[in-house]
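Asker: So the sequences go chain by chain: A and B.
The opening position of the first sequence corresponds to residue 0 in numbering that gives the first Met the number 0, with each subsequent residue numbered one higher.
The opening position of the second sequence corresponds to residue 0 in numbering that gives the first Met the number 0, with each subsequent residue numbered one higher.
Accuracy of the hints is not assured; some may be wrong.
[As the list claims (entries may be wrong)] Computed from the model, here is a short list of chain A residues facing chain B with C-beta under 10 Å:
#, residue
1, Asp229
2, Ser315
3, Tyr316
4, Thr346
5, Arg350
These are calculated hints, taken from the structure and not from any lab test.
For glycine and all other residues, C-beta sits at the position ideal for the given N, C-alpha and C.
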Amino acid sequence: MEPLKRTSLYDTHRRLGARFTAFAGFEMPVSYGGIVEEHLAVRRAAGLFDLSHMGEFELSGPPGLALLERALSNSAAHLAPGRAQYTLMCAEDGGTIDDLIVYRLDLERYLVCVNAANIKADREEFLSLGGDRVGLSDRSAETGLLALQGPAAERILAELAPPEVCRLARFAVAEAELAGLSCVIARTGYTGEDGFEIFVPAEQAASLFEALLERGARFGLKPCGLGARDTLRLEAGLPLYGHELDRAISPLEAGLGAFVKLERDFVGASALRRQAQQGTARRLVGLLTDDARTPARQGYPVMSDGRRVGAVTSGSYAPALRRPVAMAYVETAFLAGNDIAASAPVTVEVRGRLVASRLACLPFYRRPAKKQAEAADA
Amino acid sequence: MEAPAGLKFSKQHEWVAADKEVATVGITDYAEQQLGEIVYVELPSVGDEVSKNDPFGVVESIKTASDVYAPLSGTVVAVNEQLSDHPEIINEDPYGQGWLIKVKIRDRADLDDLLESDEYEALVAEARE
């Protein structure tokens with residue numbers, strides 16, 4: 000086995016008392032003070048994450064755009080300069096190679112942020128579509144990425160960033176100096192809260208992380224690990240590659256049709272058009288165990304009348320809801336006769352025992368409207 | 000890291016406090032720290048038999064579900080009912096209020112195979128390296 004890689008913030012994490020876990024070939028902090036505490040800090044104040052393990056590619060000009068249009072399901076051509084979009088990379092059969100975000104930095108330049116576990120697969124796919132001819136550049140190793148997430152994120156960023164950056168709209172992106180460092184700052188995230196993602200040269204990521212922690216302390220900012228990142232995205236109903244998405248799952252099954260422009264010609268489009276016409280065989284739904292105690296975990300079968308109708312893809316205790324929640328793929332045929340909105344009853348097989356459960360609409364958590372209004376006003 | 004003297008320990012990170020007839024079983028401070036915040040506990044019922052080295056229950060943290068192994072064989076005579084509503088007690092007081100089950104000892108020789116606190120501390124020190 001290859002030795003685990005470390006981000007440039009490893010020593011900082013150690014000093015902050017992080018417990019580490021292996022994730023996508025990296026030794027990453029799973030938690031510092033505890034997952035629940037970190038999760039609630041993001042819901043109530045703010046959290047700071049090191050995401051430097053994630054991958055970044057750069058492309059430019061009309062040839063770069065043409066490659067993105069061919070490789071990805073959403074339409075990068077519709078992106079205005081200074082805007083970002085969620086999109087998917089599919090295989091010819093419609094299965095998902097990765098889910099990612101494209102940032103259009105200006106008229107010419109595009110930044111693509113991808114899952115750490117898929118950097119190699121994405122690069123190979125881009126190259127197979129002519130990436131080398133259009134100057135595809137893999138900047139993963141030298142790019143650090145921090146996420147500042149939570150209702151206090153904007154006030155904390157204002158301590159270090161020019162006012163116009165703090166006023167960025169949701170899914171807007173800008174290049175700016177932050178604490179004297181050249182950064183790309185976007186109002187994006189993966190927690191269900193308002194927040195920012197900040198790209199910074201890897202060798203400067205630790206000093207930015209520390210500056211944000213110091214200035215954010217009085218707002219309740221806490222360093223957060225991948226443990227809280229997972230429970231936050233689960234509450235917010237966001238898919239995680241390797242769980243809700245993989246090579247054998249199409250974005251349509253995952254309920255991501257809004258990010259798949261079927262009228263366009265991209266890799267996988269014809270398979271996905273067929274799926275859209277015929278309907279998918281399964282669909283991603285929420286699932287709640289009735290006792291509000293038993294966690295339904297990845298791989299647990301979802302049963303109805305002694306028949307397997309689906310399987311759990313992610314499940315964990317949800318700290319803000321103070322109960323376990325799960326996501327599962329369930330057969331569309333079963334869903335046709337059983338209303339999710341009416342909490343259709345099913346059972347989940349937990350270690351050989353059937354636990355009464357109900358299907359639920361996603362997401363489990365939406366940030367309060369008041370906070371959204373504040374974010375829009377500011 | 001604390002492994003109180005007077006208790007016995009298994010290599011799978013359970014502790015045992017034995018009197019003449021009954022052994023109280025829990026998971027160690029090291030085990031609860033490794034698991035992180037405990038959110039769910041599944042335990043046997045009073046009257047169930049547990050067998051040495053076989054799983055008798057499950058302790059789930061946010062991240063994962065872990066089996067708990069019986070450090071000795073016997074009949075369950077008590078189960079810590081508090082834990083179903085408050086599994087976090089295991090994190091707060093693993094050697095006290097966070098006990099899991101009490102077992103009527105079938106064969107005292109089972110206890111001889113367990114580690115003393117200094118031996119267990121050495122095992123954990125090694126695991127931490």
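Asker: With a cut-off of 10 Å, does the beta carbon of Arg350 (chain A) approach a beta carbon of chain B closely enough for the hint to hold?
Answerer: Since chain B brings a Cβ to about 7 Å from Arg350 (chain A), closer than 10 Å, the hint holds.
Asker: Does Ser315 (chain A) hold up as a contact with chain B if the rule is Cβ-Cβ below 10 Å?
Answerer: 6 Å, holds
Asker: Restraint: Thr346 (chain A) near chain B, CB-CB cut 10 Å. Satisfied or not?
Answerer: Violated. Min distance 16 Å.
Asker: Take the shortest C-beta to C-beta distance between Asp229 (chain A) and chain B; is it under 10 Å?
Answerer: Asp229 (chain A) check passes; min Cβ-Cβ to chain B is 8 Å, inside 10 Å.
Asker: Have a go at the Tyr316 (chain A) hint: is there a Cβ in chain B nearer than 10 Å to its own Cβ?
Answerer: 4 Å, holds
Checked against the numbered hints given earlier, this structure breaks only hint 4.
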